[in-house]
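Which chain is which? The protein sequence lines are P and R, in order.
Using the UniProt record's numbering, the first residue of the first sequence is number 1, and each one after it goes up by one.
Using the UniProt record's numbering, the first residue of the second sequence is number 1, and each one after it goes up by one.
Just so you know, the hints here were simulated from the structure itself, not pulled from any lab data.
Among these hints, one or two may not hold up.
A pair holds if it fits inside one copy or across any two, identical chains being indistinguishable in the list.
Claimed, not checked - As a list, the in silico DSSO-like pairs of lysine-lysine whose alpha-carbon atoms are at most 30 Å apart:
(1) 372 to 302
(2) 250 to 336
(3) 330 to 29
(4) 368 to 250
(5) 374 to 250
(6) 29 to 280
(7) 83 to 330
(8) 13 to 29
(9) 90 to 330
(10) 302 to 368
(11) 280 to 372
(12) 302 to 374
(13) 302 to 50
(14) 280 to 90
(15) 302 to 336
(16) 250 to 372
(17) 330 to 302
(18) 90 to 13
(19) 62 to 120
These are the residues of each chain, in order.
Protein chains: 2
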Amino acid sequence: MTAHPDFLKYVDKHADKFVQRLADAVQIKSISGDAAYREETIAMGHWLEKQLKGLGVTTALKDLGQQTLQGQRLDLPPAILGKLGDDPKKRTVLIYGHYDVQPALQSDGWATDPFTLVEKDEKLYGRGSTDDKGPIMGWLNVLEAHQAQRLELPVNLRFCFEGMEETGSEGLEAFIEKEAAAGEWFNGVDCVCISDNYWLNTRTPALTYGLRGIAYFAINVSGPGQDLHSGLFGRMVHEPMTDLIKLMSKLVDHDGQILIPGIESMVAPPTESEIELYTKMDYSIADVAEAAGASIALSDHKETVIMGRMRYPSLSLHGIQGAFSEPGGKTVIPSKVAGKFSIRLVPPQTPENVVPLVTAYIESEFAKMNSKNKMNVEHSHGGKPWVADINHWNFEAARRAIEAVWNKSPDYTREGGSIPVTLTFAETLGVNVLLLPMGRSDDGAHSTNEKLDLSNFIEGTKVLGTYLYEVAQLAREG
Amino acid sequence: MTAHPDFLKYVDKHADKFVQRLADAVQIKSISGDAAYREETIAMGHWLEKQLKGLGVTTALKDLGQQTLQGQRLDLPPAILGKLGDDPKKRTVLIYGHYDVQPALQSDGWATDPFTLVEKDEKLYGRGSTDDKGPIMGWLNVLEAHQAQRLELPVNLRFCFEGMEETGSEGLEAFIEKEAAAGEWFNGVDCVCISDNYWLNTRTPALTYGLRGIAYFAINVSGPGQDLHSGLFGRMVHEPMTDLIKLMSKLVDHDGQILIPGIESMVAPPTESEIELYTKMDYSIADVAEAAGASIALSDHKETVIMGRMRYPSLSLHGIQGAFSEPGGKTVIPSKVAGKFSIRLVPPQTPENVVPLVTAYIESEFAKMNSKNKMNVEHSHGGKPWVADINHWNFEAARRAIEAVWNKSPDYTREGGSIPVTLTFAETLGVNVLLLPMGRSDDGAHSTNEKLDLSNFIEGTKVLGTYLYEVAQLAREG
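Same shape as in the complex, but just chain P:
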């Protein structure tokens, strides 16, 4: 193992102290999405800055401006920047994490107070335990183990911790662009490590090298001047719902294939080495069933199902605005309806090259209907996909760290959803970005009874530290 043995020993010996630090962090209710907790969210930023300072990091609190939330004009929680080491012979690793959390009420179904860290059966329960205070504390643990033992860190470190991740990272993109400039905090960074996601399962550590993008759409159909009675108008007029449902039915097949011409064909078929990653992956159809709560996988073929999420685009129909949506029966012909759907994108798809295909197709299908209703396709928001090179030394260092600590090879995963900051770092800094998950698939981030396994916290801390040693080692190996 490349990591300094004293580092690893210290982590094992001080597990209780590390858990206490996580407990201290969890008890600060840094709920960024609720104006009532804005002060406490900002306080969490200050607490974190103080911790970093105490561990020898040069810090700065960066003002991201203001926002209007729940009718109030509020200061945004600050970005916490940190710098430790400036040795030109060492690689510089930028660490990202977020110190804000999702809301949580014990009455939502928590077994214990969400803001009191509770250890039970080797699991640490509490809001933010896995998302994302646990991983941040993991980095503090690494710093402490080195500071306490006067060990030299093998790399230069930069930190970027934000307090608005759970509500859209407001202000962060422009901020990162600014700090990437010459002479600013992120200048000279060689790679990025983000610890804000999860293993694919509960058994095998993972390295994540891809995220899907998204394009969100509404199909707006309108006709009548007001809602009509289906008795009086049924079969006299073009009903917007009839047109909309027809259009929505032409978007995706029941096997998940996207029916919009040109969307599927943009995606290159998997190479043999890529297929091998999926074949090796510690994942089964039973895992899908467990996660979804029912045996509804689109295929019985493991690789097909996992590729459906990780390397193919998907199209989901979310719902209809303006139609009858209550329980019971209402005999209405809605006058104006909007069908919502989104497409998860994979390279080389982007909102820019996908939106025109979607719009043209729906318009041509609508033209075939000879309807006198009005229709338009609205693209409301979108984001590009991201895929990193897993053969880069950044991933190689993480793989070695995982194998050293867990004695297991990682699953190489791509996530079906989005973590926009990943793409921002990759595009703005032009370096390799690694997603290095600490928690497991069943941690319940955003849900009730969120937890982080004690082993994932402690061994995960070792992985983070070892990863830094491996980055340095690979630099030496050239």
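Starting from the known structure of chain P, fit chain R onto it as the hints suggest.
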């Protein structure tokens, strides 16, 4: 003209008094659907009974039991029964109307207080003016004209006025069945006249001889144990919305044709004489556009459009329960969705013969999808259609009355919606039922600024009385 000339003269001379009676009726807030107005609704029943008594009618207030409304246990408004004449040589006509009204608040957009009858530009504005207090007052006017002048009525009359029509006619069906028995109030009735609908337009009186029935459905599709994130699960699982939208898209074509095998073919094509009724009808595509608020008629062919409403079944998609229905974007895969639709039925269709066809078709279409989701078709409520013989003397008498008073031949119409009491009278009493509209298509029943044209009230009163004379005349003609 067969009507007694003194009757017609009296009506013209006493128009102001008749309008005052309508004003008295309108100011009683008999809103059956609101518990706060239950006492006033019952008071309206008592007021009406007193009016009838004063006009020489033998009356009875019939208790229809109780209901629970807005958490309160309430007495139902009574049915008001009336009897005038028992001459075995005369025909006996049963008159139906309802004395309850829809809610109305000036703040909904009324130009004047809804419960104060206001005359403006020869129009009488007020809640219930056309639906259905105007027509009931029309009958009282007829009685008064005869009583005041000691004219003998040409037929025996029976009255049935209810106070729960706007909220489902609770208790009425069983009540009618009871009163149809030998020795009871409706025994010996030769025909029924219902004045609770409208002309097809604002120009030509109508006689209505048909109503569509209805069968209401929900397609329930469920799969995941809970709502899923479309990023994490998109293209891994069978999404209930994908299946539901596919199924809903297979029910009705964009031209209004129902795609469920067996439904369209049950309906006989129109005969030549029936087509003639539609050709003659005072109706145009422009009328559809005006009523619907947009030029969205399914065809430019008048007969096609009007037959779509009057003599063919229709299928409307009302909405989806359980999916995302709010403004904005949400990337959810809903776990359980219910698609609501209804079919308006025409003879010989009934819920009994239609529901099995619908269920079998949807089940077979779902089977083709090989989905692992669960699906079932739910039939929540329904009612049979009704069509009367327009060659019956009841309709012939009404036609003659309209031609005599309005100097115009009526449109023979079928309504696209349902008035359940019509079918109950037809089936229970086994006699011809006539719908004899007093108001116009633009009266705004159930809406703001409900009105009845003064001419429709006064000439309409003449039509009602003349109709009775024509019933008697046709009996004499054999």
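Tell me the numbers of any earlier hints that the structure contravenes, in ascending order.
6, 7, 9, 13, 14, 19
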